[in-house]
Structure formats: structure tokens, C-alpha cells
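With the hints as a guide, bring the two chains together.
Chains as they are written, first to last, in the working numbering: chain A, 1 to 202; chain B, 203 to 282.
None of these hints come from the bench; they were simulated from the model. Note that the structure is predicted; figures quoted are calculated from it, not measured. For each residue, glycine too, the CB sits at the ideal point set by N, CA and C. Some clues are possibly wrong.
What the hints assert, rightly or not - Computed from the model, here is a short list of chain B residues facing chain A with C-beta under 8 Å:
| no. | residue |
| --- | --- |
| 1 | M203 |
| 2 | S205 |
| 3 | A226 |
| 4 | R242 |
| 5 | Y243 |
| 6 | L247 |
| 7 | I257 |
| 8 | I274 |
| 9 | Q276 |
| 10 | H277 |
| 11 | R279 |
| 12 | D280 |
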Amino acid sequence: MTAHYEQEATLIADLIVKKPAAFEYLVKTYYVTLSRVAIAIAGPDTAEGIVQESWISILKALPKFQGRSTLKTWMCRIVANQAKTRIKKNSRTENFDHLDEDQFLSRFKQNDHWQEPPVEWDFSTPEQILEESQLKKCIAATLKKLTDMQQAVFSMRYMQNYSLSDICNILDVTDSNVRVILHRSRHRLLETIERFQVTGEC
Amino acid sequence: MLSCKDFVKQQNERIDGVEPTLMARMSLKMHAFICIHCRRYLAQLKLVDAVSQKIPDSEADEQVIQSHINGINQHHRDQS
Numbered sequence: 001m002t003a004h005y006e007q008e009a010t011l012i013a014d015l016i017v018k019k020p021a022a023f024e025y026l027v028k029t030y031y032v033t034l035s036r037v038a039i040a041i042a043g044p045d046t047a048e049g050i051v052q053e054s055w056i057s058i059l060k061a062l063p064k065f066q067g068r069s070t071l072k073t074w075m076c077r078i079v080a081n082q083a084k085t086r087i088k089k090n091s092r093t094e095n096f097d098h099l100d101e102d103q104f105l106s107r108f109k110q111n112d113h114w115q116e117p118p119v120e121w122d123f124s125t126p127e128q129i130l131e132e133s134q135l136k137k138c139i140a141a142t143l144k145k146l147t148d149m150q151q152a153v154f155s156m157r158y159m160q161n162y163s164l165s166d167i168c169n170i171l172d173v174t175d176s177n178v179r180v181i182l183h184r185s186r187h188r189l190l191e192t193i194e195r196f197q198v199t200g201e202c
Numbered sequence: 203m204l205s206c207k208d209f210v211k212q213q214n215e216r217i218d219g220v221e222p223t224l225m226a227r228m229s230l231k232m233h234a235f236i237c238i239h240c241r242r243y244l245a246q247l248k249l250v251d252a253v254s255q256k257i258p259d260s261e262a263d264e265q266v267i268q269s270h271i272n273g274i275n276q277h278h279r280d281q282s
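For reference, chain B alone in the conformation it holds in the complex (with noise of 0.2 Å):
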């Protein structure tokens, strides 16, 4: 039988998009049925993955933002 251990590892890779087999999926399947904790571990690693993707990117500093704009505009005054 699957153990607990196999089963976080499986639905991760599952996450990541490495879909498994038929035989894998019933085996994972069979294991959250009679596994509360894994159970519980799905719901939450789902949730986890979707917070994930609502989180924000952090923003770059103004000061930063405007001395990359300023590198380029000098580059061009230096190539005319």
C-alpha cells in the first residue's frame, strides 16, 4: 500500500504537472479515502498552491526603476 510519505511526494509532482499513471491514480485515490491526514495534507498543499499564485510580485524601487531608464536614454545619447 501507499504509504503517507509516497502520497505527499506523488501529489506534489502532481501539482508540478507529472500526471501519473491509471494504476498510480487509483492507488493515490484508495490512499485519501482511508487516510484523514493525507486527506487533510491534499486539501491543504491545494490551498497552498492556490494562494501562490494570487500572491503579488514585490515591487521594484522608484529610485531603481528610474536609474535603469536613465542608463538606457544615456546609452542613446551616446550612440547619436
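Only chain A is shown next, with the shape it has when bound in the complex (with noise of 0.2 Å):
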């Protein structure tokens, strides 16, 4: 059974000991939210080795980690270095065409009054929506559509709790940029719900 930890603290004295079983808790708890990163700054194919390598650098790191982040944000900030370092190597370049214009805003007239207003929901809750087992997998599929780059910032944002500025620096995007993601992404839900109420279908 995996361990537990409370505390920071006392995973990073374990981790520095070479504990197996922090190693564990540490893969097990943070690879999902690194390997976003990763994929978001280089790529689906070179995310896996990225991380790996990352692993190392971290616990090489980590003795002279001085806690004026949270582990998770430090952790994120090796991943992206090592990513960019990566993308400089292969010379990617980002795709920023997910930033045009939100699809949702073509909803307005001319003058700017709704075209095609929201429709009334039969929902109020959020968990009345979560219990709706087709929508829930409707909202799933909606998500696995967005960006790598729009999911590391719904992900980092949403399910990570990262404030804005942390997902800035560790993604390198502009503030403004972070943002239309997230108001896109939130679009791309409400039009998801919105279908389901009307259709009872994705």
C-alpha cells in the first residue's frame, strides 16, 4: 500500500533519505499534473521521457529546495525547463490558434445583444450535473477535446487549484492568454450542457 503524507515536510525528508516509498507516493500523486505540463510545452511524444528525466533532476534538486513554493509549483517549474530545453532542441514551436476568437462570441448579433440566447437548464446544481452519468461523460469528452495547452491550464486551474500567475510562469503564457483559455474552455462546457439539455446527447 502506498504511503500517505500529511505533510510536505516529512515527504521531502523521506524523498532526500531515498525512502522507496515516498518515491512512490511522489509518482503516484504528482505525474498526472507534470506530464500535463509537458505534453503542453513539447508535445505528446517527448512528454514521457521528459518527465522521467525530470524525476531525476527533482530528487538531485531537492536538498537545496527552499520552500518558497509549494513542492507541486517547484516540481511544475523543473518539468517546463526541461520541456522548453526540449522544444529549443527539436525547434517546436507552440500552436497558438486555440487563442482566436471564442466560437461562443459568434452567439452575439451585430450590436453586440444575444443572437441566440442561453437555454434554461434543468439543472442548478453542480451536483445534479456530476450525477447525470451521460453528461458527465459528454463533459469528459468535451475536456479530452480541448488543447494540450488548454487542458494543462483547465487542469492546473480547476483540479490542481494553481492560482493563475503559477500557471503563467510555469507554462510560460501571457496572463491574458491563460485567460481566454479558460473563459474558451468554460464555453466549450456550458454549450456542453447546454446540447445535452436540449438533445439529451453529447
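Spelled out as C-alpha cells, the structure:
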């Protein structure tokens, strides 16, 4: 069974003395987030290798970790730096097409008032939405369709509770671009729920 | 008067922590008072925001996790 660490300081101390249970906890707890950061910056083909290399860099640098940020944020920065180094080597450039105008905004007339106003929903709480198993699947499918960068921003913000400024620093994206990504992602979800409300399907 | 499109943009900014000025806040309030569509949009936007906070993050494949743990262990064996 995997050990559970309530205190970050205890985890760090165990990692420094190379306790296998601490490595296991580290990988199980942070792999998904670190992997998303690597994919967002360097693409899915090289992300696995980047994360694998990063564990070693993280463990080597850990004795110098000063706790100015959380361990999670500090590790994300290490992965992001490795990923950036890798894309420089491979001359990969991030595709920022996803920062075009939000499609949702086409629901407005030329005078900027609603052309296609929102449809009334039967749902009024998050629980009602997530208890509807088909809708939950539709939401998961919508999130999967987001670009790698959008998925990273969305999950860091909503699932991992990163601040906007940490997301900007880690992923090297401007504050306004992060907000555009979040607006667009929320609108995709809103339209998914709306479609389900109207058609009963994704 | 504030347009519906601006209402949508500003409410999204607000969700992301950009606090509107007092004037802008009053104008948003006034707009929501007179526009049923924007009132509905705002309720739905808040609901989407709340749902997003409750969606569990995806879990990694057990084999992938194990290969990463093995990689670290191998590195330590090579070092010692």
C-alpha cells in the first residue's frame, strides 16, 4: 500500500533519504500534473521522456528546495524548463491557434446583444450535473477535445488549484492568454451542458 | 449601456479574479436586472465554474506509474 504524506516537509525528508515509499507517493500523486505540463509545452511524443528525466533532476535538486513555493509548483517549473530545453533542441513551436476569438461569441448579433441566448437548464447545482452519468461522459469528452495547452491550463486551474500567475510562469503563457483559454474552456462546457439539455446527447 | 457581449466578457474576467471597478460593477448589476438572457447566462457560468472545480483529474495508467518508479529506482541503483 502506498504511504500517505500529510506534511510536505515529511515527504521531502523521506525523499532526501531515498525512501522507496516516498518515491512511490511522489510519482502517484504528481505524475498526471507533471505530464500535462510536459505535453502542453513539448507535445505528447516527448513528454514521457521529459517527465522521466525530471524525476531525477527533482530528486537531485531537492536538498536545495527552499520552500518559497509549494513542492508541486517547484516540480512543475523543473518539468517546464526541461520541456522548454527539449523544444529548443527540436525547434518545436507551440501552436497558438487556440487563442482565436471564442466561438461562443458568435452567438451575438452585430449590435453585441444575444442572437442565440442561453437555453434554460433543468440543473441548478453541480451535483445534479455530475450525477447525470451520460452528461458526465459528455463533459469528459469535451475536456479531452481541448488542445494540450488548454487541458493543462484547465486542469491546473480547476483540478489542482494553481493560481493564474503560477500557471503563466510554469507554462510560459501570458496572463491574458490563460484567461482566454479558461473563458473558452468554460464556454465549451456550457455548450455541452446546453446540448445535453436540448437533445439528451453529447 | 453595457452590451450583452461585454457582460459575458466581464463576468468571465470576474470569475478569473479580475475585480471590476465600482462603476463597472454597477453597470453589470443594472444589466443583469434588465436582461433575462444575461441573468441566465451568469447563473449557468457560475454553475459551470462550480462543476469544473468538482471534476476529478484523470488517473494515470498503473503501468506507466510503475515504469516511472522503476526508472527512479534504477537510477539510484546505478548511483550506488
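Broken hints, numbered, in rising order?
The structure breaks hints 1, 3, 9, 11 and 12; every other hint is satisfied.
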